[in-house]
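Asks: Chain residues, written in single-letter form:
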Amino acid sequence: MRIDKSKCAGCGQCIEYCTIGNISACRRDAKTGQLYYEIDEDECVDCGVCLRAKVCETGALFMPKYQWPRTIRANFSDPLVEHPETGVAGRGTEEMKTNEVTGRIKRGFVGIACEMGRPAVGARFRDTQKVAMALAKLGVEFEPHNPCTTLMADPKTGRFKEEVLNEKVLSTIIEMIVETDKAPEVLKTIRQVASELDCVFSVDLISHVNKDGSVAGKSIVDSIGWPVAPNGKLNTGLGRPLAREV
Amino acid sequence: MTHTLHRRGTPANLAHDFPMHSIPARGFNNEGCKPKLQGFLRVAQKYNPVNLGESKLGNKFVRDIQDMYDHLSTITHAVLTDPDDVTELLKDMKQEDFGMSLTLSGLLETLFACCKKADITPHVIEYSLGVQGRTEKLPETEISQVTTMCGHAMISQGLVRRMIRKIKTGEMTPWEGAVELTKQCQCGICNPVRAAELLEECCALYAVNVA
Numbered sequence: 001m002r003i004d005k006s007k008c009a010g011c012g013q014c015i016e017y018c019t020i021g022n023i024s025a026c027r028r029d030a031k032t033g034q035l036y037y038e039i040d041e042d043e044c045v046d047c048g049v050c051l052r053a054k055v056c057e058t059g060a061l062f063m064p065k066y067q068w069p070r071t072i073r074a075n076f077s078d079p080l081v082e083h084p085e086t087g088v089a090g091r092g093t094e095e096m097k098t099n100e101v102t103g104r105i106k107r108g109f110v111g112i113a114c115e116m117g118r119p120a121v122g123a124r125f126r127d128t129q130k131v132a133m134a135l136a137k138l139g140v141e142f143e144p145h146n147p148c149t150t151l152m153a154d155p156k157t158g159r160f161k162e163e164v165l166n167e168k169v170l171s172t173i174i175e176m177i178v179e180t181d182k183a184p185e186v187l188k189t190i191r192q193v194a195s196e197l198d199c200v201f202s203v204d205l206i207s208h209v210n211k212d213g214s215v216a217g218k219s220i221v222d223s224i225g226w227p228v229a230p231n232g233k234l235n236t237g238l239g240r241p242l243a244r245e246v
Numbered sequence: 247m248t249h250t251l252h253r254r255g256t257p258a259n260l261a262h263d264f265p266m267h268s269i270p271a272r273g274f275n276n277e278g279c280k281p282k283l284q285g286f287l288r289v290a291q292k293y294n295p296v297n298l299g300e301s302k303l304g305n306k307f308v309r310d311i312q313d314m315y316d317h318l319s320t321i322t323h324a325v326l327t328d329p330d331d332v333t334e335l336l337k338d339m340k341q342e343d344f345g346m347s348l349t350l351s352g353l354l355e356t357l358f359a360c361c362k363k364a365d366i367t368p369h370v371i372e373y374s375l376g377v378q379g380r381t382e383k384l385p386e387t388e389i390s391q392v393t394t395m396c397g398h399a400m401i402s403q404g405l406v407r408r409m410i411r412k413i414k415t416g417e418m419t420p421w422e423g424a425v426e427l428t429k430q431c432q433c434g435i436c437n438p439v440r441a442a443e444l445l446e447e448c449c450a451l452y453a454v455n456v457a
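These protein sequence lines are chains A and B, in that order. The numbering used here puts the first residue of the first sequence at 1, with every later residue one more than the last. The numbering used here puts the first residue of the second sequence at 247, with every later residue one more than the last.
Any given hint could turn out to be false.
What the hints assert, rightly or not - Incomplete in silico selection of chain B near chain A, CB under 8 Å: (1) R253; (2) Q341; (3) V377.
In short, the hints are calculated from the structure, not lab data. Yeah, the Cβ is synthetic: ideal placement off N, Cα and C, and Gly gets one too.
Turn these sequences into a full structure, and let the hints steer you where they fit.
Replies: As structure tokens, then:
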């Protein structure tokens, strides 16, 4: 996102819409004495929220026609942009939402995701790569349909394409399905690598609900002393047709 | 796209917050899904939703509901506040058997109880394991409880602060502030009732300068 200095009235109405905090500075033109705002484009994730708010009465705010790799910022940050790799608006896949139909996560497995940059801090792919590479050493396979995986130069090592490493996005999701037995090791690795990052990330664990109401995933997090939020998400299993193995 | 999973809050202020969505599975049952999504929206409207929305069309505060109903094509959202309403909605959805996946978020203990009353056994569960990394970069907890009601982070911390200022200076009510914030969340998963309550609580914690 950019502000046309010659049109900006310096009112500052747009800056509070910034999803990752205030990344703009108020400046004064040395020649005209006019106040104007300038966006730090290296920090901006191109989410488009300030523009959609339609608070700029002078039309100074605009989204330039960026070129690759800058274009991935909007793809990962603006939920209204349908991601070219998945056909889904947003950053992830349907993950557990349609699992009873897709059979994506089978019994004996759990889904784990690291939502890099969430909530509302943003993440550069340099940091995302650190997490992915730590997990790849455990032999984890990343979800091939997730747009984050498509930016990897080598999904086997978790290494990303060199040109995307400095790109910053509102969030990108490292998504994987692992055998239940392997989950504690994966989660411990996630916790260890977290201290090496310059961003935040939210962690998800998806697990089947057994007929007796027990959940394997809960035993896993309890066994490694990882606290679970009291709120979460349930797939009610009402989708049809049912996958062969649910 | 776990946009309803990581709402921050306390068990007390999450007790009346149940975002949910009906979603077709791409490549499996998305062909001809429109009447099924419309069916969900119709059922949801019976149970006092405080928000409704569709990812591409917007939420009920920026889009006419009939217009939304006529143009549904993808993941459709509703937010309820009463566990009894959630239970009754589940019973209806089971009976209607639209065949679209239905996902519920909220306090897990309450959701399991609702499912049990509706004679539904959940298929899978997703746990929120919290935030890792440089957590000092996050906004204060009180602000985060509001902003995380849009999992896509379209509700900015700056706008929450602006609403607090406006409420404290008498320019708007907590409800008006909550609606302004809710408009930003395109999908329609922000709970404006909870947002108003949280904003009111924030007003007691934040100071503003009045000229």
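Asks: A separate judgement is required for each hint: does it hold in the structure or not?
Replies: Outcome of the hint check:
1. Below 8 Å, beta-carbon pairs count as interface contacts, and R253 (chain B) has one with chain A at about 6 Å; its hint therefore holds.
2. At a threshold of 8 Å, the smallest CB-CB gap from Q341 (chain B) to chain A is about 11 Å, leaving the interface hint violated.
3. At its closest, the beta carbon of V377 (chain B) sits 5 Å from a beta carbon of chain A; the interface hint therefore holds under the 8 Å criterion.
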